[in-house]
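Trainee: Residue-level listing of the chains:
2 protein chains.
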Amino acid sequence: MNTNRYCVIMAGGIGSRFWPKSRQTMPKQFLDILGTGKSFIRHTYERFAPMIAPDHFLVVTNRRYRDLVLEHLPELKPEQVLCEPVGRNTAPCIAYAAYLLRKTDPAAEMVVTPADHLILDETTFRSIIGECFDYAAANGALMTVGVQPTRPDTGYGYIQVSDDAPISKVKCFTEKPDLAMAQTFLQSGEFFWNSGIFVWQVSSIVAAFAKYLPEHHQLFEQLLPVLRTADEEAAVERVFAVCRAVSIDYGIMEKADNVFVRCGEFGWSDVGTWGSVYQHARKDRYANAVPSEGCYLYDTRSSLVSIPKEKVAVISGLKDYIVVDTEDVLMICPRSEEQNIKKYIDEVKFHNGERYI
Amino acid sequence: MNTNRYCVIMAGGIGSRFWPKSRQTMPKQFLDILGTGKSFIRHTYERFAPMIAPDHFLVVTNRRYRDLVLEHLPELKPEQVLCEPVGRNTAPCIAYAAYLLRKTDPAAEMVVTPADHLILDETTFRSIIGECFDYAAANGALMTVGVQPTRPDTGYGYIQVSDDAPISKVKCFTEKPDLAMAQTFLQSGEFFWNSGIFVWQVSSIVAAFAKYLPEHHQLFEQLLPVLRTADEEAAVERVFAVCRAVSIDYGIMEKADNVFVRCGEFGWSDVGTWGSVYQHARKDRYANAVPSEGCYLYDTRSSLVSIPKEKVAVISGLKDYIVVDTEDVLMICPRSEEQNIKKYIDEVKFHNGERYI
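Those protein sequences? They're chains A and B, same order as listed.
Per our numbering, the very first residue in the first sequence carries number 1; after that it's consecutive.
Per our numbering, the very first residue in the second sequence carries number 1; after that it's consecutive.
Certain hints may be false.
For chains that are exact copies, the list does not tell them apart, and a pair is met inside one copy or across any two.
Unchecked claim - Calculated pairs, DMTMM-like style, for lysine to aspartate or glutamate (alpha carbon to alpha carbon, straight line, at most 20 Å):
#1 K343 / D299
#2 K309 / E293
#3 K169 / E254
#4 K38 / D121
#5 K21 / E347
Since the hints were made in silico from the structure, they are not lab data.
It should be emphasised that the depicted structure is a prediction, and the values quoted were computed from it without experimental measurement.
Same shape as in the complex, but just chain A:
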């Protein structure tokens, strides 16, 4: 293994789109929503483990999930878990890890990955990440990983390439398009899904922060003397209290001129919604996705049912529904209305406070 290479796992999400299965106390990255036997963050760790040594992982998370991270990734030492006092989107999250590496290993190269994505073809994926590391090191490039789109998905960001070389300069980033535009993107062949996975040298991303997010650069540069000292936590608290929330895409990737994309096909999904879980789950002959045992379905089709272990469900007459039962919350809603989950959460919260959230 290349000893300068690090993997930074972003695991700070607080989890609401998979409510009621995901909860503030147990967000998506720590769940096994697809019923694979392992949590998303565990899969993410194991995906990179063949190419990154255990002590070269960093996980950036909200501090309330510190113990959960160490529980799911017992290979890590506590100091490999960087705790944000509050989420400020991806740029500060990445800056925390990047500036720490700048201090401890200035020659570091890093891959940044969300903790909660699905990747089916991990061998191809690792080979692509390897290419990205090589290209980033050779060219001082900020690399992003693009995914060959298979449908006009309006929930993803898109990356337009400049040419059809395996590694292409990025022409343009586009946030979630409407359906017509997504269809145009798909037909053009020039657009790829933005996986949110990045590869670069620490020196390159620090230089980009200095140029495109100078406030953040200043704040995190001031942190350098106290990182890995007893004062780190208090200083990080002060930095996150004042630093602006901004995504790495908007803050740097869309503006920098050394951004390149390696596009590929490796069975990627951000598994961002129950609909996406439905899509990836194994289905029975009536197109029901029933990862749980103990479900007895009658006249029920194209539905997703998730119930607690040891519980039994008898369900009749549902078409295209999501049924998620947990110890203290039951949700039944049409698959087409999963975007309302936020509304449900708000109403339950209004009447009960944080208890069921």
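Once you've looked at the hints, dock chain B against the given chain A.
Mentor: Positioned in the frame of chain A, the structure of chain B alone reads:
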């Protein structure tokens, strides 16, 4: 209070039509399915308490429910709970109580009532029961209570009267008719619902057993010497092991020539199905019956939702459904298919044994 009057509550049902809320370990009579704050058996006791002294109640139940009965009716002494080793329909159940009273109070008069019915107008009801006691005592009659029908219900038995006097000789009993016949019954004005509530002198019903169910008479008469002795349980075990299962309606009421009916209106229902619970429950503006708190309904109409206390349910897009959630079983089915509950139970039992039944 008339000191010869007794109330016999039949509480031996094992509860399956309200599955998964009713369970073998907790049948309907011990549940508060309508959300009134009291169990059915408690309501039944309190309904008769103004006219029957506490020590003049007898409850006949399956022996596995003995402790539950005493818990729900702490006014009773243990010897007031008569335990059947096995259910043999209503005739043996009633015989057990009647022959016991024959021994302890030969002049006894008794009202027999199911433990799990709903009666809204209890004052009118008690006045009717009082009339029945008087008429039965004066005429040696076997009295049954008829209910003015309000719809052509095919789930009830019907009683045809001979005339329109308040107390009429019964012309005919008819078990559950088909819809066309039920409509004819309703239009004729001669037919009333059979409430399954009976009033008679113990001497009258014992004479009827002797005449119409001689085998049962012989078996229960043999019991007399041991009733209220240490040998009672073993002897009752032997009697129930051999006695034929038969209903009091089929075995005696349909055959005897001294059967009279007092018809009335007192807001009666046997609450025999979830549909009947729905009918009697308070509904919101969208016709949803939601006795439980913590339910958040969207685009949901004419549905019945029952969830455990302390649990929250978010339900969207259901029309005419029954949703019953319990600690270990969730059932979702169209209201029109509640007759399938038995099928559901069978399948769950096939795969899991008695655990969820």
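Trainee: Broken hints, numbered, in rising order?
Mentor: none
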